[in-house]
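*Asks:* Sequence:
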Amino acid sequence: MPLGSGRTPLSPLISLPPPGTAPPGGDAPPPALDPGTYLDTANLALQISVGVVTVLTLFLALLAFLGLREMATIRRRQRELSRALAAAQETRDEIEGKLKSLHVDLEALVMTAHLFHEGQVAYAKADYDRAISSYQQALELQPDNPRIQVRFARALVNKGFNSRAERVLRAATTRDPLNADAWRALSTCRRYVNLTEAIDFAERAVDLDPKSSDNWNYLGLLLRDSERYEDALSAFGEATRVAPREPFGKFYQALILTKLQDDRAAIPVLRDAHADAETLRSARRIKEIWCMTIEWTYRRSLDTPEQEDAANKIVALLAVACHEARDRQAVLGHMTFYLAAKGIDLDAEASLQAFPEADVVSARKRVLREGN
Numbered sequence: 001m002p003l004g005s006g007r008t009p010l011s012p013l014i015s016l017p018p019p020g021t022a023p024p025g026g027d028a029p030p031p032a033l034d035p036g037t038y039l040d041t042a043n044l045a046l047q048i049s050v051g052v053v054t055v056l057t058l059f060l061a062l063l064a065f066l067g068l069r070e071m072a073t074i075r076r077r078q079r080e081l082s083r084a085l086a087a088a089q090e091t092r093d094e095i096e097g098k099l100k101s102l103h104v105d106l107e108a109l110v111m112t113a114h115l116f117h118e119g120q121v122a123y124a125k126a127d128y129d130r131a132i133s134s135y136q137q138a139l140e141l142q143p144d145n146p147r148i149q150v151r152f153a154r155a156l157v158n159k160g161f162n163s164r165a166e167r168v169l170r171a172a173t174t175r176d177p178l179n180a181d182a183w184r185a186l187s188t189c190r191r192y193v194n195l196t197e198a199i200d201f202a203e204r205a206v207d208l209d210p211k212s213s214d215n216w217n218y219l220g221l222l223l224r225d226s227e228r229y230e231d232a233l234s235a236f237g238e239a240t241r242v243a244p245r246e247p248f249g250k251f252y253q254a255l256i257l258t259k260l261q262d263d264r265a266a267i268p269v270l271r272d273a274h275a276d277a278e279t280l281r282s283a284r285r286i287k288e289i290w291c292m293t294i295e296w297t298y299r300r301s302l303d304t305p306e307q308e309d310a311a312n313k314i315v316a317l318l319a320v321a322c323h324e325a326r327d328r329q330a331v332l333g334h335m336t337f338y339l340a341a342k343g344i345d346l347d348a349e350a351s352l353q354a355f356p357e358a359d360v361v362s363a364r365k366r367v368l369r370e371g372n
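Going by UniProt numbering, the sequence shown opens with residue 1, and the numbers climb by one from there.
A couple of the hints might just be wrong.
Stated by the list, open to error - Within a straight-line C-alpha distance of at most 35 Å, the following computed DSBU-like cross-link-like pairs (lysine-lysine) qualify:
{"no.": "1", "residue 1": "313", "residue 2": "287"}
{"no.": "2", "residue 1": "365", "residue 2": "313"}
{"no.": "3", "residue 1": "100", "residue 2": "211"}
{"no.": "4", "residue 1": "287", "residue 2": "100"}
{"no.": "5", "residue 1": "159", "residue 2": "287"}
{"no.": "6", "residue 1": "159", "residue 2": "365"}
{"no.": "7", "residue 1": "365", "residue 2": "125"}
{"no.": "8", "residue 1": "159", "residue 2": "125"}
{"no.": "9", "residue 1": "365", "residue 2": "287"}
{"no.": "10", "residue 1": "100", "residue 2": "159"}
{"no.": "11", "residue 1": "342", "residue 2": "313"}
Everything labelled a hint here was simulated from the structure, so no lab data went into it.
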């Protein structure tokens with residue numbers, strides 16, 4: 001206390017402990033931070049921040065890389081999809097084109113079938129002009145159809161257009177040498193021109209298709225023309241074996257048996273042929289002229305006045321039905337063969353007078369030339 005103040009000096013209210021010492025009755029204070037420690041901590045924090053940024057950068061870079069790859073994949077797939085769509089469109093266009101073509105072909109096929117059927121119906125009715133027209137129109141749609149070619153040629157033959165028919169058939173056999181129907185039809189063109197060649201063609205048809213009764217029957221007729229009667233009988237027998245319910249093989253056999261003076265065998269065969277013909281007639285599967293020809297022959301074979309009268313009525317109708325020269329030629333050929341085989345005078349035969357005289361003369365000359 002200073003002198004002369006008269007007071008006692010005051011002690012400080014708060015006494016601070018020296019740095020680094022604990023205050024009376026308290027915990028020790030935290031140690032004083034060293035500046036180096038601050039720097040180390042700061043450096044560590046910086047390093048951590050840099051690491052985090054680096055990791056984030058790498059992560060983002062990876063995402064970007066993957067994203068680019070994905071984008072490339074997407075673009076590639078888009079290109080592939082575009083190509084696939086283009087190919088699909090081409091395929092669709094191609095299919096549409098084929099469908100249109102198929103539609104056109106189907107229409108042509110249906111029309112061809114219709115025309116062929118019309119030709120068949122006309123041919124069965126001996127309406128050969130209409131048959132030729134129908135077959136010709138069908139050939140315009142299918143010019144290489146062998147079945148239509150043969151039917152067309154047969155109709156031409158029945159109209160007497162043999163040269164034209166022969167050209168069609170020779171072209172058909174050149175195109176397809178295994179076409180038995182074409183060879184048989186070609187033999188019909190050559191029958192009255194070159195019998196030996198006609199027989200050769202008919203034999204080819206039989207070799208190619210021995211299961212055809214038509215082939216055997218026509219070969220038999222040609223052998224009959226050449227007076228090889230036993231061979232003809234054998235051919236007709238094969239035709240009957242192949243098609244036992246058809247009348248033609250039996251009818252032709254009966255004519256040969258009559259020629260060989262075996263009426264006892266001929267009449268039952270004629271009866272069977274007549275019954276078979278009537279069955280086919282009811283089903284409209286045989287030309288009317290052949291039904292009448294077979295019936296006329298059968299009734300004449302019974303050799304009674306009643307049956308002869310019935311035969312005369314039939315022949316009157318038959319002459320009218322044969323309005324084509326080729327049909328008259330074929331029918332008169334069988335009639336004159338039968339009458340000559342029976343020893344009947346052809347010049348005096350009344351049934352022949354129903355036909356045009358020129359056709360009768362031609363048939364009579366032919367059958368006499370064959371040795372009857």
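*Asks:* Kindly indicate which numbered hints from before are broken by the structure, ordering the numbers from low to high.
*Replies:* 3, 4, 10
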